[in-house]
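Protein chains in written order, with the numbering used here: chain C, 44 to 562; chain Z, 4 to 327; chain G, 52 to 382.
Derived by calculation from the structure, the hints in this document are not laboratory data. Heads up, a few of these hints could be off.
The calculated SDA-like cross-link candidates involving lysine to any residue, where the alpha carbons are at most 25 Å apart (straight line), are [said to hold, decoys possible]:
#  : chain 1 : residue 1 : chain 2 : residue 2
1  : C       : Lys395    : Z       : Gln201
2  : C       : Lys100    : Z       : Asp198
3  : C       : Lys395    : G       : Ser329
4  : C       : Lys472    : G       : Arg269
5  : C       : Lys212    : Z       : Asp198
6  : C       : Lys239    : C       : Glu225
7  : C       : Lys395    : Z       : Ser260
8  : C       : Lys325    : G       : Arg269
9  : C       : Lys100    : Z       : Gly204
10 : C       : Lys375    : G       : Ser277
11 : C       : Lys212    : Z       : Leu202
12 : C       : Lys212    : Z       : Gln201
13 : C       : Lys212    : Z       : Gly204
14 : C       : Lys375    : G       : Arg266
15 : C       : Lys100    : Z       : Val207
Quantities reported herein were computed from a predicted structural model and do not represent experimental measurements.
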Amino acid sequence: MTSPAISDTKAPLLAMRSVSKAFAGIPAVINASLEVGAGEVHALVGQNGAGKSTMIKILTGYFSRDAGEIAFDGAPFEARSPQDAQHKGISTIYQEINLVPYRSVTENICLGRESRRYGLLDWNAMHAEARALLERFKINVDVRQPLMRFNTATQQMVAIARAIGFSAKLVIMDEPTSSLDEREVAVLFEVIRQLKRDGVSVIFVSHKLDELYAVCDRVTIMRDGRTVKTANMSAISKLELVASMLGRDVAQVARSATAFGGRHGKIGEVILEARNLAAGHKVQDVSFSVRRGEITGLAGLLGAGRTETARLVFGADPMRAGSLDLDGAPLKPRGPLDAINRGIGFSSEDRKLEGIIPDMSVAENLTLALMPQLTRAGIVDEARQRTVVEKFIKRLDIKCSGPDQRIRELSGGNQQKVLLARWLAMNPKLLILDEPTRGIDVGAKAEIQKLIKELADQGLGVLMISSELEEVIEGSDRVVVLREGRNVAEFTDSGVNEANVMAAMAHGKDADPARELTP
Amino acid sequence: MRKSSLLSTLSSQGVLIALGLLILFGWLRYDNFLGLFNISTVLRYNAMFALVALGMCFVIMTGGIDLSVGSTAALGSVVSALLSPYGMLVGTLGGVAAGLAVGVLNGIVIVRLRILPFIATLAAMLAANGSALLLAHDQSVSVSYDSGFTDLGQGDIFNIPIPALIATVAYVIGSIVLNFTSAGRTILAIGGNEDASQLMGLPVHRIKFLVYVASGGLSGLAGVILASQFGAGQPIEGVGWELFAIASVVVGGTLLSGGLGSVGATLAGVLLLGIVFNALNFENGLGWISLSAYWQSVIRGVFLLLVVILQSRLSARSDTAAPL
Amino acid sequence: MSEAELAATPPARQIAPLGLLARYSTLVALLALIAFNMAFTNHFLSVQTLNVNLTQVATIVIVGVGMTLVIATGGIDLSVGSLMAISGAIAPIIFMGKIVKIGEIHVAVAVAMILAVAIAGAFGWFNGWLITRFRIQPIVATLVLFIAGRGIAQVSTNGNLQPFKLAEFQWIGLGRWFGVPVQVVIMIVLVAVAAWVLRRSLFGRQILSIGGNERAARLAGVPVASIKRWVYCISGLCSGIAGLVVIAINSSSDANLVGLGMELDAIAAVAVGGTLLSGGRATIVGTLIGALIIQLVRYTLLANGVPDDVAKLVKAGLIVAAVWLQGRGQA
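Taking the hints into account, I'd like the entire structure generated from these sequences.
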């Protein structure tokens, strides 16, 4: 560990020292250390697979550790389960809201710790308590309403309020802003600052580096299971942070963050024309076009309507208004099958939920969309199926023990490759990719980005959604920015840069590129 | 009754409206529909189903299901009939204990062995059925008339049938538990999101276990009432009770996937389905049409269908799959 | 598990001995039962015993085939018993000429059988329609016909018994084909066809993908709604056939009794046979084995003097044990 910058001379609230943990012989955390002082907001960063979540799970009692010590609040700390950790003062706020949506705000805050009168629940007291806790964070809602009535940000506040109600001294926040828009993030940060003022410490796990700079005091970087660097946020630049995370040279990182490396594609004619699309609540009025050989990036904050627009084009959701033209002919898909038959492929953002069929093999998953074409007289031609599968396993370098291995045993990156192959096997004209590199380790990420680049170079039209700004900027020939269900800006060539895109995402049409966020 | 959400309120109001309309229809059309005798008979007869539906309501609210309630009631009726010579109290306790035993078995298999409620209670249903037949030697067990056991099922207090009183008390207790105890709120939390409830530190396993025990006990009690009302413990009775109970619960607006529900609405559901039968009897008596009792199941099925379609239209969460 | 952990996991899984046992538990159990009976039960290895057992199992397996397909899509069909009653009620009405007299008896029987099965299939299609059009959960949707279906059968016969003696019809339940009872032949044919369809055909693969992950299947272009409707229709058709067999064996049709409890028998056979109740993994042959196991256990007990009621208790324990073992094998 290089120069651990200790914020003050008092004993830290939390000290994890030389913690190690291996799963079935494979090390996940190696000799890692983490220290958090009282009232400190401490960032924990690292790529997927670096060991961050394992560290957290060891701390909160989900896993047991193989070696090392943990001291909390001056005494050795041992949690048997997350509930146990909660009782001992360490609470966790997760990315998915782990509360009960049908139940009221009050219940979600107070259940497990209820006030009683004559043996029965005292609702008045509980409502009052819930209200008081939320007021500390300047949140004013009707606590009797079911939780699901409120947006994700408010639900997250409720989760935090629950933690405080349980007298948490340390609150761990795991990717808390992934479902929040800019305004909601600002509210969350205020809450965190209030926690600080109350002497509660926070461990903040996030991929979004800009946010860390806004609210954290110190940062610990993990890579390949080790804690490689701890520093004051003010003393380390974003480039150094990223370089440390990736284990690369700062200069190298400065040049390009992704394997796209900037686009210089040969652009053909328009393959998809979308006019005034509207669907559900999220898509109000979206127009854009995609050309052959071009990667069109769809950028926007969470909730801007990107995924919904993409699903609309694919026929996964019904269209309320607007028109679509594919290759010059009108496109009115009544379902995904129509879109597929016209030559569109769609890779959804959550492969576990909507991508893979977990119990089926690699081969079956890969050929899922292709199967009708491999069928003769209702019977699947297994020989042809095998040929196709083996071809793609080789082409995409999918690491598996064979086409018959169950897909759920593959790593995220390899699963994503299988899903991409599913669409490539269909020879599509237009490929829609929603978060194609989400939750994938560095190596596989680069491979997939390279693949997408190749596909576009071969003449495919690509519509790509990504929440990682570098990916959008370096990977797109053209960026269409969505905001609150409408397209507000479009950039090409040199106009595709961080400043423009971020300004448009945040401020819409009246964006002033000079007003961007900088560390 | 606390309003937990628009959906639940609307659905439960829907049941009440339907119930009201049906009663109005019956009052206008049939003589003595709202007479003391008829009301008393309807309440007495449906009290058993009401008890079973209450237990089922709690189980469904946790996201589970209990298919053994019918057979458990049959077992309860047999046990209480066998014990009836020793008096009403002993007979009742015996029947309820038998039901509790089945409930404990269900609880253990579902919570400890982690077997899906559907399968576990299916097996329990077979086991209870077999046990009932075994104890009864494959025939009805006559109840002893000297011990006062039959007063339970056939008697009245202030002109209100005792079984109806028992059911009412059960529902009142059930409602209090649901709305004013942490156990009740935990039941709803488990059905809403079991993993989150676990992470929130709620005693999920304990509550799930207790819910099946309660369902068993209530079914046993229903069996006691069955035996004392009809004068015999019947090992093959109870067939179809579980599905009737599920229908009542669903008609009442409780979501089959769990997490949202109302005790009172379940009672309304029971009454609704029960009064359909009653109205049919009257209709036949009028002679306008000759509808056999067989039409009752068709009509009940249609009712269920309409309610379910309505629920699916109103429901915002139409793609939650029901855990079996 | 983190990315690092997953990427480094060796591709082939170590399978513990218990897991191996669990995977083949159904076959092992069946063989064990047969072995036990060979040793301890008189006359077990006779053709007659085989016939008796297979006959009793045949209707359950016929229904079980349809049920397996339904469960494979992640659904369930509680209406099978009631649909059996409907088919069993309709057929005699037609071949006994209660509505329309059809002169040629063979034609009458043919029409009766086809119509009865077709109507059961249509009701099955109705189940599928409810589920796909209104997004109603299968257990509730099929519950409607469970309750109303038997009523429909009862209403059309006014609850009366329809006795008959018609060899041209009753061959389906009492006839033999080269010494093998006809319903057993039907059962074997259905099992063979269904198993093959599930494994080799597009339809079968798509069924399994729906049960495995319905949303993913839909996004991959699988016609989910259409397949579901067909699968429930098939379940209805199977129930229709089973209804005919039952009334043929009994020489009468009692709408109150035909198919009573069949849904649970079929589901038990499917579960014991190894098909996942959540869908996505199914085995038709497993359902056959499951039904045989349940039947054999009952037979073993009865043949050795154990009362039927105790046999029920054993059956219950068996179901729990089998499902539990399946769960371990899945891990």
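Here's how the hints hold up against the structure:
{"no.": "1", "hint": "C:Lys395 / Z:Gln201", "verdict": "holds, 22 Å"}
{"no.": "2", "hint": "C:Lys100 / Z:Asp198", "verdict": "holds, 16 Å"}
{"no.": "3", "hint": "C:Lys395 / G:Ser329", "verdict": "holds, 16 Å"}
{"no.": "4", "hint": "C:Lys472 / G:Arg269", "verdict": "holds, 20 Å"}
{"no.": "5", "hint": "C:Lys212 / Z:Asp198", "verdict": "holds, 24 Å"}
{"no.": "6", "hint": "C:Lys239 / C:Glu225", "verdict": "holds, 21 Å"}
{"no.": "7", "hint": "C:Lys395 / Z:Ser260", "verdict": "holds, 22 Å"}
{"no.": "8", "hint": "C:Lys325 / G:Arg269", "verdict": "holds, 22 Å"}
{"no.": "9", "hint": "C:Lys100 / Z:Gly204", "verdict": "holds, 16 Å"}
{"no.": "10", "hint": "C:Lys375 / G:Ser277", "verdict": "holds, 20 Å"}
{"no.": "11", "hint": "C:Lys212 / Z:Leu202", "verdict": "holds, 18 Å"}
{"no.": "12", "hint": "C:Lys212 / Z:Gln201", "verdict": "holds, 21 Å"}
{"no.": "13", "hint": "C:Lys212 / Z:Gly204", "verdict": "holds, 17 Å"}
{"no.": "14", "hint": "C:Lys375 / G:Arg266", "verdict": "holds, 21 Å"}
{"no.": "15", "hint": "C:Lys100 / Z:Val207", "verdict": "holds, 21 Å"}
Of the numbered hints listed earlier, not one is contradicted by the structure.
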